[in-house]
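Trainee: Each chain, letter by letter, is given below.
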Amino acid sequence: MQTTRYEAPESVAAAVRLVDADPGAKVLAGGTDLLIQFRAGLHRPTAFVDVKRIPELVDIAVDRDGVRLGAATAAAVICEHAEMRRLFPGLVEAVQLIGSTQIQGRSTVGGNLCNASPAADTTCALIVNRAQCIIAGPRGERTVAVEQFCTGPGKTVLQRGELLVSIRIPRPSPGTADAYLRLIPRSEMDIAVVGAAVSLTLGPDGVCTAARVAIAAVAPTALLVPEAADALIGSRLDEAALRGAANAASAAARPIDDKRGTIAYRRQVAGVLTKRAAAIAAERVKGRI
Amino acid sequence: MAKVHVRTTINGEEKEFLCEPADSLLGALRDAVGLTGTKEGCTTGDCGACSVLMDGRLVPSCLVLAAEVQGRTVTTIEGIANGHALHPVQQKFLEHGALQCGICTPGFIVAAKALLDTRPNPTEVETRYWLAGNLCRCTGYDKIIRAVLDAAAALRPEA
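First to last, the protein sequences are chains C and X. Heads up, the final residue of the first sequence is numbered 289 in the numbering used here, and it's a clean run with no missing numbers. Heads up, the final residue of the second sequence is numbered 159 in the numbering used here, and it's a clean run with no missing numbers.
Think of the hints as simulated: they come from the structure by calculation, not from any bench. Using N, Cα and C, we set each Cβ at its ideal position, and we do this for glycine too. Watch out, some of these pointers could steer you wrong.
Take a look, some chain X residues computed to stay more than 12 Å from chain C by CB distance [as the list claims (entries may be wrong)]:
hint: 1; residue: E13
hint: 2; residue: R57
hint: 3; residue: A81
hint: 4; residue: N82
hint: 5; residue: E95
hint: 6; residue: A114
hint: 7; residue: R156
Once the Cα atoms are required to be at most 25 Å apart in a straight line, the calculated SDA-like pairs of lysine to any residue come out as [as the list claims (entries may be wrong)]:
hint: 8; chain 1: C; residue 1: K52; chain 2: X; residue 2: E14
hint: 9; chain 1: C; residue 1: K52; chain 2: X; residue 2: R57
hint: 10; chain 1: X; residue 1: K39; chain 2: X; residue 2: I80
hint: 11; chain 1: X; residue 1: K143; chain 2: C; residue 2: S187
Ranges between beta-carbon positions, derived for each pair [stated by the list, open to error]:
hint: 12; chain 1: C; residue 1: V272; chain 2: X; residue 2: H5; range: 48 to 58 Å
hint: 13; chain 1: C; residue 1: P226; chain 2: X; residue 2: C138; range: 44 to 54 Å
hint: 14; chain 1: X; residue 1: R128; chain 2: C; residue 2: G41; range: 33 to 43 Å
hint: 15; chain 1: C; residue 1: Y265; chain 2: X; residue 2: L86; range: 46 to 56 Å
hint: 16; chain 1: X; residue 1: N82; chain 2: C; residue 2: T209; range: 28 to 38 Å
hint: 17; chain 1: C; residue 1: D205; chain 2: X; residue 2: R119; range: 51 to 61 Å
hint: 18; chain 1: X; residue 1: L18; chain 2: C; residue 2: G152; range: 20 to 30 Å
hint: 19; chain 1: X; residue 1: D55; chain 2: C; residue 2: R85; range: 14 to 24 Å
hint: 20; chain 1: C; residue 1: A251; chain 2: X; residue 2: R128; range: 31 to 41 Å
hint: 21; chain 1: X; residue 1: L94; chain 2: C; residue 2: D63; range: 20 to 30 Å
hint: 22; chain 1: X; residue 1: L18; chain 2: C; residue 2: I256; range: 43 to 53 Å
Next comes chain C alone, as it looks inside the complex (with noise of 0.2 Å):
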């Protein structure tokens, strides 16, 4: 029977020279997909390489760029963060809508990035705040932006004896706010049928200077769309750029038919998830200026 070992590095080097001399090796950060993965067959780790011992991996650091989140911070951590919820209040309902408190415990956005679920909750919100991916590996470090990151379902841009440390996330510029919305057919516990993030920037006079649209459970990753951000640009968010985004959004989309939607309700929602959530990214820039 092939055994697993487990790991603790207590520096990015060790995990990463770990991970590098082990092509078996999985990365343990809240273990909420992995260890399940793990029980139910799906993979067979010769080791756990669990980076909650390093520093950079769990802690939130705030400075005037924005936001260094530790890939392994687990989610009720990011939750309870004042900072982050001031900032990026989007992202937070994001990590928020992942799991139970058990769960929340645990889970981490790193390892959500890196399980690479279509429907991860988080990875929309991240994109719409231009985050980037800090990844280390035998070669040194380097960055890929949230969108970039993930290649498919369960598939990442990682390389062999490369780990995500952190993800960077620029403080937004005055009047900017971001949006989380996602559809289950319950209030809780469950995963996306469609999400949708907004990030806007709205001027002095209420014009819209700057947006990001990005939708989630409508295609093998999930998906910035330009389009709908274009409708909004240059707006006051009337019903007709907020269609239009919408529009957008559900051209954008390309889902699939499962026991969760369908193709055309999958579309529809999408739309519809987008106009919402830019109008609450608006009023939420409203509340601040």
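Place chain X on chain C using the hints.
Mentor: Just chain X, lined up with the frame of chain C:
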């Protein structure tokens, strides 16, 4: 493969145990440490029966590796009462008859204590959301929610 030697603090006591690298904390608590109050339900993090506190944070012990608790502190259902004096959450579960078969009860009590540790005056809605990851298939939830809200009231200093 060598077993992992884990030294940790469980319910305020220094403990050591041996485990396989892939063993869950739930398995180690029940089999290696002999604390069988923590229950195994789904083993996939869905039911909350195995809830414990790790460094004060509510977690599903089925999704924690036993080796991870090296040097950390764990509180299980056995550590909730103060000696023979029941914690108010336990007392109110009895008074409200908030259990039938009892399998979900340790998880509910640990989770409810974690709620009241940080939020002494939770609303019913907050309490229901907080406990949404604890499943009960016989009593139903109403008596449980009443018991937790009553325990919160009992824990608050007299106004």
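Trainee: Run every hint past the structure and note whether it holds.
Mentor: Tested hints:
Non-interface status of E13(X) relative to chain C is upheld: no Cβ of that chain comes within 12 Å, the nearest being about 22 Å off. Distance check for R57(X) against chain C: the nearest CB is about 5 Å away, which does not clear 12 Å, and the non-interface claim fails. Here A81(X) stays apart from chain C, with its beta-carbon at least about 21 Å from theirs, past the 12 Å limit. Separation of N82(X) from chain C is adequate, the least Cβ-Cβ distance of about 24 Å exceeding the 12 Å criterion.
Separation of E95(X) from chain C is adequate, the least Cβ-Cβ distance of about 24 Å exceeding the 12 Å criterion. With a least CB separation of 8 Å from chain C, A114(X) falls inside the 12 Å interface cut-off, contrary to its annotation. Annotated as non-interface, R156(X) keeps its C-beta farther than 12 Å from every C-beta of chain C; the closest such distance is 21 Å. Note on K52(C) and E14(X): the hinted pairing holds, with a Cα-Cα distance of about 22 Å set against a maximum of 25 Å.
Distance hint between K52(C) and R57(X) is fulfilled; the C-alpha atoms sit about 14 Å from each other, no more than 25 Å. For a cut-off of 25 Å, the pair hint linking K39(X) to I80(X) stands: about 15 Å separates their Cα positions. The suggested pairing of K143(X) with S187(C) holds, with an alpha-carbon distance near 21 Å, which does not exceed 25 Å. Judged by the Cβ atoms, the range 48 to 58 Å given for V272(C) and H5(X) holds: they are separated by roughly 55 Å.
The hint said 44 to 54 Å for the Cβ distance between P226(C) and C138(X), and at roughly 52 Å that hint holds. The beta-carbon spacing between R128(X) and G41(C), approximately 35 Å, falls within the hinted interval of 33 to 43 Å. Separation of Y265(C) from L86(X) is about 50 Å and conforms to the stated range, judged on CB atoms against 46 to 56 Å. Our hint of 28 to 38 Å for N82(X) and T209(C) is violated, since their Cβ atoms are close to 59 Å apart.
The hinted range of 51 to 61 Å is not satisfied by D205(C) and R119(X), whose Cβ atoms lie roughly 41 Å apart. The hinted window of 20 to 30 Å between L18(X) and G152(C) is violated, with their beta carbons roughly 41 Å apart. The supplied range of 14 to 24 Å is met by D55(X) and R85(C), whose beta-carbon atoms lie about 22 Å from each other. Take A251(C) and R128(X): their Cβ atoms lie about 39 Å apart, and the range 31 to 41 Å holds.
L94(X) and D63(C) have their C-beta atoms about 51 Å apart, which leaves the hinted 20 to 30 Å range violated. Separation of L18(X) from I256(C) is about 46 Å and conforms to the stated range, judged on CB atoms against 43 to 53 Å.
The structure fails hints 2, 6, 16, 17, 18 and 21 (numbered hints given earlier, in ascending order).
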